[in-house]
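Asker: With the hints as your guide, set chains B and C onto chain A.
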Amino acid sequence: MYVLSAIVCLTLLGLFLGLLLGIAGKYLKVESSPIVDELESLLPGSQCGQCGFPGCRPAAEALAEGKATATLCPPGGSVLAEQIATLLGLELDLSTVKEPELLVARVSEATCTGCTRCFKVCPTDAIVGAPKQIHAVVADACIGCKKCVEVCPTECLQMHPIEVTLRNWRWNKPKPLFADNAEGNALC
Amino acid sequence: MLSFFSKPRIQGGVHAEQHKDATAHQPIVYSFPLPKKLYIPLQQHVGKPAEPLIRVGDKVLKGQLLAYSQGMISAPVHAPSSGVIVDVNDYPAPHPSALPIRMIVLETDGNDEWVKLCPPEDPFLLEPEDISLRVGAAGIVGLGGATFPTAVKLNMGRENHIDTLIINGAECEPYLSCDDRLMQECAAQIIDGVRLMLHGMRTERAVVAIEDNKPAAYQAMQAAALPYPSIEVRQIPTRYPMGWDRQLIRYVTGKEVPVGCRSSEVGVTIHNVGTAQAVHKAIRLGQPLVSRVVTVSGGAVSKPMNVLVPLGTLISELFAYCQVDAAHTARIIMGGPMMGDALPHTGLPTVKATSGVLALSAPELKDSAEQPCIRCASCVTVCPAGLRPVDMANNIRINQLDVAVDLGLKDCISCGCCSYICPSNIPLVQYFKYASGAVAARQQAQHKSEQTKRLMDDRNARMERIARQQLEEEQARIAAKAERERLKAEQESVA
Amino acid sequence: MIKTQKPNSGAHIGAKTSVSKIMWQVVLALMPATAFGLWCFGWPALNLFIITVASALFFEAFCIRLSGRLAIPVLMDGSALLTGWLLAMTLPPFAPWWIGVVGSGLAIILGKQVYGGLGQNLFNPAMLARVALLISFPIEMTTFVDVSPLFFSHSPGFIDSFNITFAGLSPTDARVGATTLGYIKTEFSQHHLLSDILKDYSGTLNMIGWTRGSLGETSTVLLAFGGVWLLRQGIIQWFIPVSLLLTVALLASVFHLWDSEHYASPWLHLNSGALMCVAFFIATDYVTSPNTPAGQLVFGAGCGLLIYVIRTWGAYPEGAGFAVLLMNAATPLIDHYIHPRIYGRDRKGKPLEISKS
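Going line by line, the protein sequences match chains A, B and C.
The first sequence lines up with residues 1 to 188 when you count with my numbering.
The second sequence lines up with residues 1 to 495 when you count with my numbering.
The third sequence lines up with residues 1 to 357 when you count with my numbering.
No lab work stands behind these hints, which were simulated from the structure alone.
Careful, some of the hints might be misleading.
In silico DMTMM-like links for lysine to aspartate or glutamate, alpha-carbon gap of 20 Å or less [claimed, not checked]:
# : chain 1 : residue 1 : chain 2 : residue 2
1 : B       : LYS453    : A       : GLU91
2 : B       : LYS448    : A       : GLU38
3 : C       : LYS348    : B       : GLU121
4 : C       : LYS348    : B       : ASP391
5 : B       : LYS453    : A       : ASP37
6 : C       : LYS16     : B       : GLU256
7 : B       : LYS255    : C       : ASP259
Below, a sample of chain B positions facing chain A; criterion: calculated Cβ distance under 8 Å [claimed, not checked]:
#  : residue
8  : ASN89
9  : TYR91
10 : HIS95
11 : SER97
12 : LEU99
13 : ASN425
14 : PRO427
15 : GLN430
16 : TYR434
17 : ALA438
18 : ALA445
19 : THR452
20 : LYS453
Simulated restraints on C-beta separations [said to hold, decoys possible]:
#  : chain 1 : residue 1 : chain 2 : residue 2 : range
21 : B       : ILE398    : A       : HIS160    : 30 to 38 Å
22 : C       : LYS348    : A       : SER5      : 52 to 60 Å
23 : B       : GLU483    : A       : GLY55     : 28 to 36 Å
24 : A       : ASP37     : B       : GLU473    : 30 to 38 Å
25 : C       : LEU122    : A       : GLY55     : 28 to 36 Å
26 : C       : GLN190    : B       : HIS15     : 54 to 62 Å
27 : B       : ASN460    : A       : PRO161    : 24 to 32 Å
For glycine and all other residues, C-beta sits at the position ideal for the given N, C-alpha and C.
For reference, chain A alone in the conformation it holds in the complex (with noise of 0.2 Å):
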């Protein structure tokens, strides 16, 4: 008798609970995960395709799904890598993350022929100039992206090194102690 009336309580139990879970299911249901925007809006957003996702929306659709490292994006650098770690609550070894050589576009003004085709492509407006006049690029402005390299007819447009000067040199990291002598390891 006891035990049948603990089979009877604890699945009458078990019905109401499921049916609660399956009513909150239905009506609290998160429509599409944020996570998807929210790492989107931390990418570039220029679309370079350098992760190897056809657009930054696809790649932040990769990551959420854990299809993607969070060092996928090279411009972002370390300090991306980190944010989406940190969001997606990864471990992350900065060590294999290469921090990107940045790169800014230079017009050669003895070949610029003022067509205009650079400053068209420009993602982010870093070209001014007019027609038939020499193009410049502001290289605050300029993310590397080689757009312009690309649509450039007389190859005026070449990718430098941003230049050190007083103003952005810094100090060296102190190397590791044992870096040397790590290497050459005998036994493991």
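Answerer: Showing chains B and C alone in chain A's frame:
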């Protein structure tokens, strides 16, 4: 023992070996031969670089304005001697990187002829604002090494009520003795400069603080200050970094300057003794800042001395004069051995900040063979800022820069006490300088990515607008065409 | 123009200290107490001491080679020597050779190298090994012999010593027994009172070190002498030893005054067991103690409290090893909460209010 419980007036610090005897007992040398060429950087101060107003080929006289200050925080640059301007171009800066900055190159004519100077008859009749203006026009900056424009500091002093002006004669860096000699030989000039600064800031009281390892300087300064009850000359303990402005303020006044505030906000302002002398020269004689006393010392220097050099003198010429042994020079340092910068070569000019140039031999340097940290906590004990260098460095090593910032990375003053004391020779200060740079670079990168996003949004919006406009125009055109055809058809039907 | 190599950051000059200098000075400070201990317990103690130190060096070298580095420069820093030395000082002088070898292995491999070597370990290696040995081999680790100085007629000779150390021949029963603390603990369990138990106890002999005990821990005077010398040399700070000893003395005084028949006097506590050695040489280990003076005071007081509690109410007669290990575990926590105030900020790290007078 009980000092642990009371609020300490001196926190941390080290008793570094002095090495001052080589230069502290001989008078300042005034007979430095005028160099053929002077390289005068346009930025020798904190703030915006000065803007040149001369052209290549111009003839200038000593003390003539070469470049004017631009912006609120800046300082002008004057000709250190008479001669011809031969170049305005990029030359290696006196900086560890020796990257190029803009300099004016002056070929001296050997006459060293002053421009016409017009000092006021009685500077104490001048308005305090005039004192600041004249100090600013003379290009005076903090000569202790901070190179903050002195006029700006005087103005800030006037705006906030300052009750104590501290004159920093601590000179706590080993090897350096230029301030010591200056106080011994030019005490009257310094005290006069202090009085002028007091006048310029409308302040009543000044304290000249001198470390107790300079008794001669103390006596000379006290004798010179005797007639002026508003100026007190005080001895302070010898302990590096006693000359750190905030440490000195706490020791002298008992006040602690909150993080993120200027000392003037707590009613104190601090100037170097060299600055006081420069103020004296600028106001009494009308001379702008064109030369300074530099300590040349170190194990590789055969004739160490304090020498008055025109600004822009190349270190190589200074070293030649003091007979530096190139073979024994392991490191060239501008400034003191604790906080100074190692320079890659000697083809760099002396500037307003150059209190000393050292040529250290290898045995004088700290052994560079690094060993594992044994957590001895000496660095925690000696840190005058109350930081934990050991934890900060460990976090920086594994790229946890945010943790290092939380631990107080931004409060580090790079005084070098931790590196000095570390038994494992860990380059702690370099870790902190690297991390500060990396944090700044990261902020810039973040700023840039935000800017990129904004630019891109703007562009997308513009593109959309243009597309919409084109579409509307197209539709309008089609509508107009239809209208025309309809009218035409109507006309035809009427006809 | 003079050129030099790539720029380094300051400070360009440095204090004339190094890791090895610190280690060697500690070794020097241990010298008197060790020499006295070795003399007191004769050849077997010397055998054990050499075996322990040598195997510590061997294990260190082995681990360093395993990580692909050169062993000699690392051995020269003196840290493995010091670990072996300290461990040897805590062992019963007539313990068999393998106690020393196993202890050194535990200390160097498990206590130090698995964490990443010098400076990385959470626990004091010597104490870790001591506690592990005590739990694993209680008989060997609690068999103490009477003082039997070198060249005395009743002491084991050079040849006998090999039998004791290597063949495991125990000395005659008459000459072995427990330490003062162990003896008190056993007698208490038979409901004897302190005044009976300590009829033959001489505080002075205990202070000098003429008593049964671990190899190098018996002489309070010489250990304290070495410790004070280290303090004078600036190698250690006073915070840990003073707070540790003061805590033990204070607790012992209070309880002794309350009930002198069941609680030993502070004098006895200070002069017995590993207390002096721990206070000056073990608890002050840089790697495993807090970084700040206040933290060190807390650490020392914690050690003292635990030592007293374990000695008085615990199952073991001596609790120094456990106390140190427990406080080692608390060190990161202490360092997290007790740290210096940054200039211009309050204790919580917020900028100070402007106080304009």
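Asker: Starting from the hint list further up, note which numbers the structure goes against and sort them upward.
Answerer: 1, 3, 6, 7, 8, 9, 13, 23 and 25
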